[in-house]
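S.K.: Fit chain B to the supplied structure of chain A, relying on the hints for placement.
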Amino acid sequence: MIGRIVGLLLRYLYLYRRSAARVMGVVFWPVMDLLVWGFVTSYLEKAAVPQPVLFLLGAVIFWDVFYSSAQAITLSITEDIWGRNILNVFVSPVRVSELMIATSALGCLRALASAALLSVLAALFYGFHIASLGLALAPFLASLLLFGWAVGMMTTALILRYGQAAEALIWGVPFLIQPLSAAFYPVSVLPAWLRPVALAIPATHVFEGMREVLAGGAFPAARLAAAFALNAAYLAGASAFFVWMLGRVREKGYLARLGLE
Amino acid sequence: MDGLSFTVARGEIFGLLGPNGAGKTTTIQLLLGLTTPTAGEIRVLGLPLLENRREILQRCNFSSAYVSLPSNLTVRENLEVFARLYGVADRRRRIAEVLELFEISDTLKRLTGALSSGQATRLNLCKAFLNDPEILFLDEPTASLDPDIAEKVRVTLQRIQRERSVTMLYTSHNMREVEILCDRVLFLSRGRSVREGTPAEVLAASHAESLEQLFIAIARDGDVRDVSAPPGGPGGEKEADR
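In order, the protein sequence lines correspond to chains A and B.
Take 203 as the starting number for the first sequence in the working numbering and just add one per residue.
Take 56 as the starting number for the second sequence in the working numbering and just add one per residue.
Treat the hints with caution; some may be incorrect.
[To be verified] Only part of the chain A face toward chain B is listed, based on derived beta-carbon distances under 8 Å:
#1 Pro295
#2 Val298
#3 Arg363
#4 Glu453
[Stated by the list, open to error] Computed beta-carbon distance windows for the label pairs:
#5 B/Ala94 <-> A/Ala315: 48 to 58 Å
#6 B/Leu100 <-> A/Phe230: 47 to 57 Å
#7 B/Arg98 <-> A/Trp395: 23 to 33 Å
#8 B/Ala151 <-> A/Val233: 21 to 31 Å
#9 A/Ala340 <-> B/Ser171: 27 to 37 Å
#10 A/Ala420 <-> B/Arg165: 34 to 44 Å
FYI, nobody ran anything at the bench for these hints, they're computed from the structure.
Just so you know, even glycine gets a beta-carbon here, dropped at the ideal spot from N, CA and C.
Extracted from the complex, chain B is given alone in its bound form:
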């Protein structure tokens, strides 16, 4: 990452967007303290991350399509373990609540490895909500879901965000989903920020018709430009000169 600076407001769903290798996942890993930055400062919940990592992690959670819960434990066992790690009070009740929230209560006694990919993804989200987090880091949470389940997950996330003002940092390659969910977005390319604002602001600034069109332009040119101009045309030169 290079020269990246952004702020996310409380209760906002903030989309970190960009092509593969842009730095979305790395940004989340930096914010979770998995990777230590070589320069600069990271503040989460108003606190410097390096000095307050444990307190911050206690109030956050994380779910990724690329990270799994142990397949050889049952759903209940997995959630019980993580409820203990996060110091959740009344674990049994909380586990029942999060399973109900994502409509997989019937999987409680099943082995995690025997779940469908949709159920496994929702179980990851259950884990992420166990400690009632103030900030939720979601790395492509709907990547493996069919459209029906993905829609249900989106609706649930929106409802939770409305009811509990949970701040969400969200990465996704599904630009339609981003347009529906995110209050603001940050486009990254090659580790740098190239456009930030509400989806409408970003589209207006880029003269793009959709986030998908803008995404493709950034993926191909590596930098933002007026997407109404042809590749390599005036828009691209202007941006390159900047």
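With the rest of the complex left out, here is chain A:
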């Protein structure tokens, strides 16, 4: 099992060595995000908004962890569809769980690489030290990775079912979640009717908890507990959805057709 997971992981990692687009995904876009938001927050700080640099830079780094985690799963599978390699993978003795673990591990590596880079740059350019989040940092990151996996799995299930027509979801789904998860502002900014929706998203509790810690609050145990409980539900739901959809896709012959699109 380990050998196959390493095999799948290698298959995806090899691509990074000679793909400018993939390196951009790890380096360029996150750095651009950080720079843009850094300058925006610098401006806001001058406008006397309390703690804006910390809040927004922390949110940018955290958002990228979620986004990279989700995208690594969906893009890995989609690239095998684009390259007409997906049938080679599905006719090998790979379990679906092994495929998911390998792509999730890639998501983890990719997210941590981006987060590490952004953290160094944030410290150098804006004096923001992500370590100031203290003990809550690791569970915050873990929670975002888990939510990214759940979203990635659900999106991949839809891509397997609907093929290229659903590929826009790879980029679209995270940005659909972004305004609801209150990444760059508190939930209280949202309209009252939208707040329950926001609080049903694990990432919302991470961003709220992050702001509380940065504002000098205590370790956000309740926020993290809510985030992990929601993540457990989302992951269970996403796994069940993926397995159910794969069964449907096999019954209808969509999987075979997908490899030849």
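M.R.: Okay, now just chain B, sitting in the frame of chain A:
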């Protein structure tokens, strides 16, 4: 597919033939578990497919002219990945062996996307032989090859089949190739079996001079008939009444 039933003996090269849309590729996809049948039972290597899919896939492999290995990986990287997926021991040695088998050892460090179509096809076959499969599913494996390379591939496949008793399910539109390679054939039309046997038996039963003649008759009439009779003549009526 409708009412399809056939058995392939160990070590046999079995041709799945028929015009486009007849169900050849679908049959292979059913046998590989890519598509779940709505009714009936599939046994591969004597085992029910649905309950033993992983074990069966571990002992089989697949190559198709319409499926590619990732173009942005080198030949070595691609083969290493699939060697791991199939749990191949001593990967380096095995990769060297299969490359040697198909005479593309010099491509080891090249990007797969930079290979000629002939080399890429042979690389697909290298992937298919990595795990020393007991059954090999080959979907038009020589479709993109020039006659010289196609001949080399056929000779290699025949040699492997003789030496290792690998069972091969083979689809092709090249009837000359089928006559050379296949021990038995099954003609499909519109998802149904219309003729099965050795090439000689099938030709005799259809009064055809060649598999190509029979293929054309099936493609045009959609069902088997006495190809010596004109289309729509007594042979066709007889078959239609059946």
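S.K.: Taking each numbered hint in turn, which are not upheld by the structure, reported in ascending numerical order?
M.R.: Numbers 2, 3, 7, 8, 9 and 10 - these are the hints that the structure violates, sorted from lowest upward.
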